[in-house]
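One-letter residues, chain by chain:
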Amino acid sequence: MSRKQRLELIRILIGLAVFAAGWCVPDTLCSGWAARGVFAVAYVIAGWDVLWASLRNILRGEVFDENFLMAVASVGAMALGDFAEGAAVMLFYQVGEWFQAYAVGRTRGSIAALMDIRPDFANVLRGGQTLRVDPEEVQVGETILVRPGERVPLDGTILKGESTLDTAALTGESLPRPVLPGDPAPSGCINLSGLLEIRADKHYGDSTVARILQLVEEAAERKARTEAFITRFARVYTPFVCIAALLLALTPPLLFGGAWGDWVYRALTFLVISCPCALVISVPLSFFGGIGAASRRGVLLKGSNALETLAHVRTVVFDKTGTLTRGAFAVTQVLPAPGFDRTTLLTLAAHAESASTHPLAKAIVAAAPSPIDPAAVANLREHAGRGVSADVHGRTILAGNAALLRANAIEPPADALTLPGSTILIAIDGTYAGAIVAQDQPKEDAKAAIDGLHHAGVRKTVMLTGDNEPAARAVAETLGLDAWHAKLLPADKVTHLERLLNETHATPKARLAFVGDGINDAPVLARADLGVAMGALGSDAAIEAADVVLMDDRPSKLAAAIRISRGTLTIAWQNIIFAIGVKAAILILGALGLANLWLAVFADVGVAFLAILNALRALAISPKEP
Amino acid sequence: MKQSFRLKGLDCANCAAKLERALAKLEGVEHASVNFLTQRMSLEGDDARWDEVIASAKALVHKMEPDVVMA
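For the record, the sequence lines run as chains S and P.
The opening residue of the first sequence carries number 555 in the numbering used here; numbering runs sequentially from there.
The opening residue of the second sequence carries number 122 in the numbering used here; numbering runs sequentially from there.
One chain only, chain S, in its complex shape (with noise of 0.2 Å):
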């Protein structure tokens, strides 16, 4: 509670005792006249700020400013004799006010402390003393000391020290993630157990902390549809309140002879709930504390516009390597032919491929049952496009494609040709000896991601990737893909993702996302109604491209953020039909006689208080499966 809000406690808490005051004293009394001033001596203390505002917005013209209007409406009730009433309305509009200043302010900190991952200073060694200085003074290629308990504050390569680095301010990502020299230290992170120095690789300004301290403070400015719809109700609710009161005060009596008293009565009802302040407050509350759980799960949103896009989405289109597999190949199969075995395979081609820097030639040698022996390798060649040659242990190795070894006279067996995956065939001096399998592997959580996707209610879900047929269906069958398509070019990836859409926008309101690494498919992010970008923690290029950005490399990030998302905008509609139903009931009653000034000054109280703890809701909203 800041300062201003617990002299406005005190002062609103003064002015209910005056208000509770003012019943103990007898109506007899001076006719009546000495409650009417102790009441008016509450109204003056808890309205005073808003007499003097509504002076000051009418004195410039703004005639439907709220404490003007509020001011009217309890100025009103006193007009009418009723003093209790109007220091009823004018202190419970203040304590509405009050909670509403108070739970913002709560949310605030709250959303605030989550993403409190700022550093606070730097350990710079320089001319061989540690020196505590702000982060941004650190100049790139300088050696910072991070000691346990500290934040990494700009992002470096570990020099010396190992350690474990808490991420999860950053990622959601619980588990600590071990560290040693040459590995990169996102700032952010928290160094957990041991001495570490590291050597600026960037500017605090330009490092992962930084940038995504930026794009929070950015997020709220994309407003999503839901908040726009908002503005221009609460644009246009005022006004027509405030006409229909004038109506309805006037047109009764001039027109029906209807008794002045009863009908401006009836007017001062419609002023009291004249405000839109429970929905304009509500709804941006429920966007913010969505943002602001995703975050705390290592989803980052840019802005609210996102997260409601991401809560239709029906269609999420991967991308195939780094997305939904590692990446990284392995070596899953190896076949001898007859006369060969799977030893002298798998050594002489580790050998023959061990100088090569091919992603396949690297999982060979990473399978080699024996480390390799360089100097048993001689006369290495390189064919591009095709693999390598070379004399290992005084034999002729060959490895590489079927367009290899035609090349030189040696016909593969057609079995050998449909393998899932890529395919690496070996011959021995002039006989073809067999062949290697080697797979980009899905990650762990990828079937848990696609499982997750439709359990979410998304219909379909798509592959697209540069790799050949085998290597696609071996990972969509095992993931259970509604969808896959291979061998695409980066120009093949737009033009499915085109038809995707189309097909996608058949459905009203439906969306599609498209998820990638972020760095090789900016177009098709871009394209997408929604680009999720992942693995994003030290990759700027992924950060800016897209609308979404997974920090850490778990696509089953992705169902969880639509489940939040989900969640948020149910929130935010309960609100919006929560508070227009009850301001709707009470313009009804208030026209019909049936709603007194304290009911609606209640109901009207009542529902922004009722809405903004629904809105809170949001920032607990729990990703997991139901």
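By construction, these hints were calculated from the structure, which means they are not laboratory data.
Certain hints may be false.
Each computed DSS-like pair below joins lysine-lysine, with the alpha-carbon atoms no more than 25 Å apart [stated by the list, open to error]: (1) P:K184 / P:K123; (2) S:K777 / P:K123; (3) P:K179 / S:K558; (4) P:K179 / P:K129; (5) S:K856 / P:K184; (6) S:K777 / P:K146; (7) P:K123 / S:K558; (8) S:K777 / P:K129; (9) S:K558 / P:K129; (10) S:K856 / P:K123; (11) P:K184 / S:K756.
Part of the chain S face toward chain P, derived, beta carbon under 7 Å [unchecked claim]: (12) E771; (13) A782; (14) T785; (15) V834.
Backbone N, C-alpha and C define an ideal beta-carbon position, used for all residues, glycine too.
Here the structure of chain S is known, so what remains is to put chain P in place on it, guided by the hints.
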């Protein structure tokens, strides 16, 4: 030119909405956004008259919400 400001003391959503509309109408302002939750305001507008734009925005904020400080 685009710049963000903090609006200290902004604690009423409807005031924020009204402020946003009024700021957008200022000469030299192309886009204005006020968020009462983050207590931030962002202005986008004419580079050539940027100082003028900020000064008039400050005056407007002070006139409409005397309790709010723009920083």
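Hints and how they fare:
For the given pair, K184 (chain P) sits about 23 Å from K123 (chain P) by alpha-carbon distance, which is consistent with the 25 Å threshold. With a C-alpha separation of about 17 Å, the suggested pairing of K777 (chain S) with K123 (chain P) holds against the 25 Å cut-off. Note on K179 (chain P) and K558 (chain S): the hinted pairing holds, with a Cα-Cα distance of about 22 Å set against a maximum of 25 Å. At roughly 13 Å between alpha-carbon atoms, K179 (chain P) and K129 (chain P) fall within 25 Å of each other, so this suggested pair holds.
About 32 Å separates the Cα atoms of K856 (chain S) and K184 (chain P), which puts this hinted pair outside 25 Å; it is violated. At most 25 Å may separate the alpha-carbon atoms for a hinted pair to count; K777 (chain S) and K146 (chain P) meet this at roughly 19 Å. Our distance criterion of 25 Å between C-alpha atoms is broken by K123 (chain P) and K558 (chain S), whose separation comes to about 32 Å. Our distance criterion of 25 Å between C-alpha atoms is met by K777 (chain S) and K129 (chain P), whose separation comes to about 21 Å.
Taking the CA atoms of K558 (chain S) and K129 (chain P), the gap is about 12 Å. The hint holds against a cut of 25 Å. Distance hint between K856 (chain S) and K123 (chain P) is fulfilled; the C-alpha atoms sit about 18 Å from each other, no more than 25 Å. Our distance criterion of 25 Å between C-alpha atoms is broken by K184 (chain P) and K756 (chain S), whose separation comes to about 43 Å. Nearest Cβ of chain P to the Cβ of E771 (chain S): about 6 Å, under the 7 Å cut. The hint holds.
Contact between A782 (chain S) and chain P, as hinted, is not supported at the beta carbon level, the nearest pair being about 11 Å apart and thus beyond 7 Å. Given the 7 Å rule on beta carbons, the hint for T785 (chain S) holds: about 6 Å separates it from the nearest Cβ of chain P. Given the 7 Å rule on beta carbons, the hint for V834 (chain S) holds: about 4 Å separates it from the nearest Cβ of chain P.
Going down the numbered hints, you'll see the structure goes against 5, 7, 11 and 13, while the others check out.
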